[in-house]
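*Asks:* Listed below, chain by chain, are the residues.
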Amino acid sequence: MTAFEGMLFDGVRATGLPVQLEARGDEVLIAGAALPPRSINRDQITADAPIPGVPRLLRLPGGELIETDAHDAVAALWPPKDILARAAFAMESRWWAALTGLAVTALSVWLIVAFVLPFAAEPVSKRISPGVEAYMGKQTLALLDRTIFSPSALSEEETDDYQEKYAQFVDGEDEPSTRLEFRAAGTPNALALPGGIIIVTDEMVHATANDAEFLAVVAHEIGHVRGHHAMRLVLQDSGLAVLMTALAGDAVGTTLLAAALPAVLLKTRYSRQFESEADDYAFAMLKRHGESPKAFADLMRRLSLEHHADDESDTLHRYLSTHPATEERIRRAEREQ
Amino acid sequence: MNDRGTMPLTTYRFDFTGRNGEYFRIWIVSLFLSIATLGIYSAWGKVRKKRYLYSHTELDGTGFEFRATPLAILRGRVIALVLLGGFALSSHVLPIMQLVFILILLALTPWIVVAASRFNARNSAWRNITFGFDGRVGEAARVFLGFGALAVISLGFVYPYARMRRARYIIEHHRFGETRIRADLLPGGFYLAYLLATLMIVGTMILLVAVTTAMVLVSGAAGKQPSGGSGALALVPIAMVYIIYIAVFAFLRAQIGNLTLNGVVVGPLRCRSTLRARDLVWLYMSNIVAILATVGLATAWVTIRMARYRARNLYLVGEAAPEDYAGAAAVHIGATGSEVSDLFDVDISL
Chain A
1 MTAFEGMLFD GVRATGLPVQ LEARGDEVLI AGAALPPRSI NRDQITADAP IPGVPRLLRL
61 PGGELIETDA HDAVAALWPP KDILARAAFA MESRWWAALT GLAVTALSVW LIVAFVLPFA
121 AEPVSKRISP GVEAYMGKQT LALLDRTIFS PSALSEEETD DYQEKYAQFV DGEDEPSTRL
181 EFRAAGTPNA LALPGGIIIV TDEMVHATAN DAEFLAVVAH EIGHVRGHHA MRLVLQDSGL
241 AVLMTALAGD AVGTTLLAAA LPAVLLKTRY SRQFESEADD YAFAMLKRHG ESPKAFADLM
301 RRLSLEHHAD DESDTLHRYL STHPATEERI RRAEREQ
Chain B
338 MNDRGTMPLT TYRFDFTGRN GEYFRIWIVS LFLSIATLGI YSAWGKVRKK RYLYSHTELD
398 GTGFEFRATP LAILRGRVIA LVLLGGFALS SHVLPIMQLV FILILLALTP WIVVAASRFN
458 ARNSAWRNIT FGFDGRVGEA ARVFLGFGAL AVISLGFVYP YARMRRARYI IEHHRFGETR
518 IRADLLPGGF YLAYLLATLM IVGTMILLVA VTTAMVLVSG AAGKQPSGGS GALALVPIAM
578 VYIIYIAVFA FLRAQIGNLT LNGVVVGPLR CRSTLRARDL VWLYMSNIVA ILATVGLATA
638 WVTIRMARYR ARNLYLVGEA APEDYAGAAA VHIGATGSEV SDLFDVDISL
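Top to bottom, those sequences are chains A and B.
The numbering of the first sequence is this note's numbering, which starts it at 1 and goes up by one.
The numbering of the second sequence is this note's numbering, which starts it at 338 and goes up by one.
For the record, the hints were derived by calculation from the structure and aren't laboratory data.
Hints may contain errors.
Quick look at which bits of chain B chain A covers, simulated, 3 or more residues with Cβ under 8 Å [unchecked claim]:
| hint | region |
| --- | --- |
| 1 | 369–376 |
| 2 | 398–412 |
| 3 | 518–524 |
| 4 | 610–619 |
Backbone N, C-alpha and C fix where the C-beta goes; we use that ideal spot for every residue, glycine too.
All chains, please: the whole structure from these sequences, using the hints.
*Replies:* Next comes the structure, spelled out in structure tokens:
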């Protein structure tokens, strides 16, 4: 026989009436000062799922509600059937269980970010039809042409000359095929778009001291194309966005910024991994064609010197930069030669 | 004192009694089980977190009740996730799709506002009496899209008025039981708040130009860039912009929040809100620092302290006791609107 107290809310007036409840076998007796005593079958009363620190609510058949702090009595009379609710309540009630959950959460987030997403994105990216990739590349190029690119200012002879060197360089290479294009952008840069379009800016062409350096740039971009890096980055970023939404779904307003920062850092990490991969491919390809990866190191060193002359204390920018630390890349190239 | 038989005004306090440790455990277990069940548990987790927060938000000593079922929220989440996924993917495949998506979402705003308000109202109760929302999509379209368009066309001059109309629409269509909630709002306060916010932004911009010019002149006078120091100095304007952004945000939150809540009339009772911009600036700044310093673990603590601040600055003042309200039957409503507005962070707050 269990007896406990609660407040009854009838659902008509916003007033609570103190009541006593008493369980006798399958019946629950409810009585209060202003209420005639009545007996209700225990199965007709439903209890809400328990949450630590939250009063229990009992719903009576007619829409009435009883709020009570008698957690033990309610748990004994109406044990929660829902296994999920039971497991959650058990974990929420114990510090050690909650902290274990925290440790496992942190570990799985790290595993997903560091291994699962990159590992899953690779086979998926290879299965995306070349048509879709080519279409995405064309769309991106159209957007870049409208925004930051202008037509190349190289003369026709220069362009033909570089195209010929490029054609010789990639002759006999495996699929997927690539296409070289030139644009003016204001800064030395080269990029690989989905579908195999390689863009080298006029400024980058002028920055190269010889053909070997030009081919080093092209080899690096071919590395991106062969690894489907553009597509993989899209997939990994999307996975990251879903994960972040799941983790920081509660964040609103000003705290959203605090949640966005780790996402930016993780994206940067992915980009750096792809740069290293493309570097490795470039070193191997250069060696296959009898060129030395030293050309790559020379160009990088010169570009980084020019960059530093412009702006010397750019530590934050360098830290967030998508390319791995330039020094490290130069050292790797020199080790490879 | 009690002249001409008027009853003395009584103040009914809101309070928040949630505890950091308890809520932290509920929050972290929700996160853990959500990941372990590939996101499915998140709907259950959301209900448990909201039930905890509602039940510890007390008016006159009784907590509120959140009644939504996890399945309704899960359904809404799936639809919202498909929309979000489509949005994220479309931007990569076809940039123009993003614009189309935003337009579709904009066109859906009235429906989202109505659906979310109805879901939240129907699932909120106090002393076993549920709230209700009976706004129509047509009127929401007029208020949100119509006045929104006018605000754009008028280069923002109509915006404060549009903001007031939005608040009025949301308030006036709410019920507590069978008691219709009334809105007593005037555009004057809204205009003053936005005017002051604009002046704050203009003032900062002038200051910013002055500081930047001074910095350029100083480094120019020094002959060359001082090595090392210039990088840190360059961060000063960025930090200033960010601090002012938070200050203006907090100022508007406090002002608009107070104006709106003070215009809420429930039967013979009137809301009284005492949010202060300087309190909110401190809360927002310390929240960001705490969340960054704890890699997000302070989220639970942030939720609790914000709920406590809001509840302790809200009162009901009037002549009658809040128990004199009659209830009304509950109706089943889906959660999609509410979940869409959560994921895309559509501002439909009061």
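*Asks:* The structure should be examined with respect to each hint, and the outcome stated for every one.
*Replies:* Hints, one by one, checked against the model:
1. With 6 residues carrying a beta carbon less than 8 Å from a beta carbon of chain A, the region 369–376 of chain B meets the three-residue requirement, and the given coverage holds.
2. Restraint check on the region 398–412 of chain B versus chain A: 3 residues with Cβ-Cβ distances below 8 Å, three needed, restraint holds.
3. Chain A is given as covering the region 518–524 of chain B, and this is violated because 0 residues of the stretch bring a CB closer than 8 Å to a CB of that chain, at least three being needed.
4. Evaluation of the coverage hint for the region 610–619 of chain B: breached, as 0 residues show C-beta separations to chain A shorter than 8 Å, against a requirement of three.
Hints 3, 4 from the earlier list are contradicted by this structure; the remaining hints agree with it.
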